[in-house]
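**Student:** All chains, full assembly: derive it from the sequences and hints.
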Amino acid sequence: MPPDFNPSYQVPNWGWWIVLYFFFGGVTGGVYFAAAWLDLFGDLRDRAAMRVGHLIAFPLILLSALFLIVDLGQPLRFWHMIFQSERFPEPIFKPYSPMSLGSGILFIFGVVSFLSFVDAVLGRSSLLHSPRNPIGKIVSVLGALAGLALAGYTGALLNVNNEPVWGDSPWLSALFLFSGISTGIAALLLLARRVASTTIEKLSEADNYMVLFELITLVVFLASLGAVGTRFIFGTPTIVLFAIVVVIGVLVPLAIHWRPGLAGGLRSASVLSAVLVLIGGFVLRWAVLAAPQGLGL
Amino acid sequence: MRSLFNLPPLVEQQQIPAQPQVGDAPVPGSPVSATGTGTPAAPVSFQRGQSVGFFTDTTLCIGCKACEVACKEWNQLPAELDAKYFRLSGNSYDNTVALSGTTYRHVKFVEQFELSNPNRVGGRWLMMSDVCKHCVQAGCLEVCPTGAITRTEFDTVYIQKDVCNGCRYCVAGCPYGVIEMDQDGVAGKCTFCYDRLQAGLTPACAQACPTASIQFGPVSELQQRADARLLQLQQAGRTQARLYGRDEAMLGGLNSFYLLEDTPSTYGLPEAPHLPSRNLPATGGLGLVAAVLAGIAGVLAMRRRRIDSVEAAEEAR
Chain A
1 MPPDFNPSYQ VPNWGWWIVL YFFFGGVTGG VYFAAAWLDL FGDLRDRAAM
51 RVGHLIAFPL ILLSALFLIV DLGQPLRFWH MIFQSERFPE PIFKPYSPMS
101 LGSGILFIFG VVSFLSFVDA VLGRSSLLHS PRNPIGKIVS VLGALAGLAL
151 AGYTGALLNV NNEPVWGDSP WLSALFLFSG ISTGIAALLL LARRVASTTI
201 EKLSEADNYM VLFELITLVV FLASLGAVGT RFIFGTPTIV LFAIVVVIGV
251 LVPLAIHWRP GLAGGLRSAS VLSAVLVLIG GFVLRWAVLA APQGLGL
Chain B
1 MRSLFNLPPL VEQQQIPAQP QVGDAPVPGS PVSATGTGTP AAPVSFQRGQ
51 SVGFFTDTTL CIGCKACEVA CKEWNQLPAE LDAKYFRLSG NSYDNTVALS
101 GTTYRHVKFV EQFELSNPNR VGGRWLMMSD VCKHCVQAGC LEVCPTGAIT
151 RTEFDTVYIQ KDVCNGCRYC VAGCPYGVIE MDQDGVAGKC TFCYDRLQAG
201 LTPACAQACP TASIQFGPVS ELQQRADARL LQLQQAGRTQ ARLYGRDEAM
251 LGGLNSFYLL EDTPSTYGLP EAPHLPSRNL PATGGLGLVA AVLAGIAGVL
301 AMRRRRIDSV EAAEEAR
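Chains A and B are the protein sequences, given in the same order.
Those letters in the first sequence? Residues 1 to 297, by our numbering.
Those letters in the second sequence? Residues 1 to 317, by our numbering.
Hints listed in this document are in silico derivations from the structure and should not be mistaken for laboratory results.
All C-beta atoms in this analysis are idealised placements derived from N, C-alpha and C, irrespective of residue type, glycine included.
All clues given are correct.
DEER-style ranges, computed between Cβ atoms:
#1 B/G285 / A/W258: 31 to 41 Å
#2 A/G294 / B/V299: 38 to 48 Å
#3 A/W17 / B/A228: 48 to 58 Å
#4 A/V111 / B/D162: 27 to 37 Å
#5 A/W16 / B/Q112: 36 to 46 Å
#6 A/S224 / B/T150: 31 to 41 Å
#7 B/R278 / A/F114: 32 to 42 Å
#8 A/W79 / B/W125: 40 to 50 Å
#9 A/F107 / B/R278: 24 to 34 Å
#10 B/K161 / A/S130: 45 to 55 Å
**Tutor:** Below is the structure:
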């Protein structure tokens with residue numbers, strides 16, 4: 001019989017554009033979350049890093065959306081995910097479909113991050129996000145929630161389907177959320193260079209937590225796959241990608257955070273670990289998407 | 001080995017009555033009729049608002065692929081000749097291999113022969129004309145974010161190609177691997193010949209099937225026919241015979257259901273298909289827990305070295 005006889009599933013061919021979308025979606029969600037937490041729970045010395053977060057979150061979400069649109073079979077119909085095509089401008093929203101939910105999350109996150117971006121560019125974050133402006137705090141809370149949802153919904157999207165691996169473990173949403181937040185904090189650590197040492201320490205500590213949670217969730221995710229994992233991940237080249245995620249994206253950054261002296265001090269350690277966490281976040285999405293589809297996607 | 005065709009056929013002789021004309025399409029709500037191969041002596045009657053479906057009796061399939069050809073002809077579907085879709089198997093009598101965005105019907109050949117047994121004693125073919133199951137609870141329809149996938153007045157599942165934007169979530173959402181993208185980058189699958197139904201015609205595949213393996217009609221009527229056929233086979237000693245998707249337990253019932261002669265997995269069918277949304281509570285709940293954990297960890301990290309006053313901040317610099 002033919003080699004691909006009896007498939008009970010067909011792969012959706014979500015390739016490199018979707019890997020990039022998932023990666024940058026997580027990064028931007030994490031960046032805004034970190035900026036919002038600096039705004040809400042940090043002190044005056046953290047304002048500079050918060051502003052950098054607001055400056056990069058909106059361009060990154062635009063970039064993410066671009067990757068998503070380019071991947072569509074009919075890119076000019078991207079708006080069909082937000083509005084009913086035959087009853088424009090009536091919205092379309094299916095809360096039980098993570099992709100529809102994600103379109104709404106993207107929309108809300110885009111609006112909120114745009115407001116913060118404008119404030120950062122025009123007002124140097126002193127209007128909307130001035131230290132004691134309650135409206136700015138509300139915007140930060142909304143943006144942080146949308147950022148968390150943006151980072152995590154991509155995992156839920158993969159789980160809510162019938163593909164092997166993706167559909168076999170509910171832990172993907174938590175895994176992508178922790179990974180997205182950790183890559184977002186890493187991006188902020190990388191780009192916000194002229195900030196107080198205490199801000200770097202806070203962000204590094206937060207990143208430690210996220211990377212640690214990511215490691216635990218990744219182990220549980222792989223263990224929960226059972227026979228499916230054995231067939232599609234263990235014993236296949238995909239396991240090499242997961243090994244890279246664990247070593248380069250998790251263990252080495254944790255070691256660097258633990259002993260910053262190994263990397264030549266706090267600031268250089270934060271740069272090195274941030275780069276590794278970002279690499280790990282990208283490879284994680286590649287590995288998960290590749291599991292049922294193949295490494296070449 | 002007992003021949004698959006020792007039993008009296010369900011249909012004695014294929015007779016194709018005169019075709020209703022497209023211009024004679026009945027008004028909405030009124031009975032419409034079609035030529036049904038399952039009961040060729042009389043046209044199949046069905047109404048708008050009534051569930052119609054296929055009952056595919058795999059014991060009658062001879063693998064002629066007339067259904068595939070008829071489907072391609074009626075729906076003007078191209079042969080799969082470009083590099084991506086060109087996939088003659090080269091190692092099977094089944095040369096079209098699988099359903100795709102431009103192959104809405106596919107006759108599976110389950111070829112059970114041992115290579116070590118060249119005279120083929122004990123081997124067998126199982127044939128099954130596969131198609132979209134038009135599930136009552138359809139995974140593709142559930143996940144489609146654009147509303148391109150809809151349920152018709154005949155209870156069939158239909159893709160509006162001018163609405164689909166090619167996100168491919170339906171491909172991942174279908175538990176049967178039915179949907180693929182066509183050359184225009186939008187999702188393609190069996191339309192249940194929606195245009196023919198509107199004109200009171202039998203779908204092209206059922207019309208073309210020479211053995212009445214594919215039977216068309218109101219689902220309730222097909223279920224009765226399937227029950228009778230199953231009983232007939234079991235009384236004849238074919239104890240492996242079973243119905244697949246006839247009952248509501250499977251995705252609310254499949255409007256295209258099957259009579260099989262072996263386990264579903266033998267035919268490449270999932271034993272227990274489920275809706276994608278089955279995973280939503282668990283993955284959503286875990287995501288929520290993760291968000292709370294991330295929030296708490298973030299607060300802990302931010303608060304530890306917090307300095308509230310401007311003066312203290314200046315001092316710290």
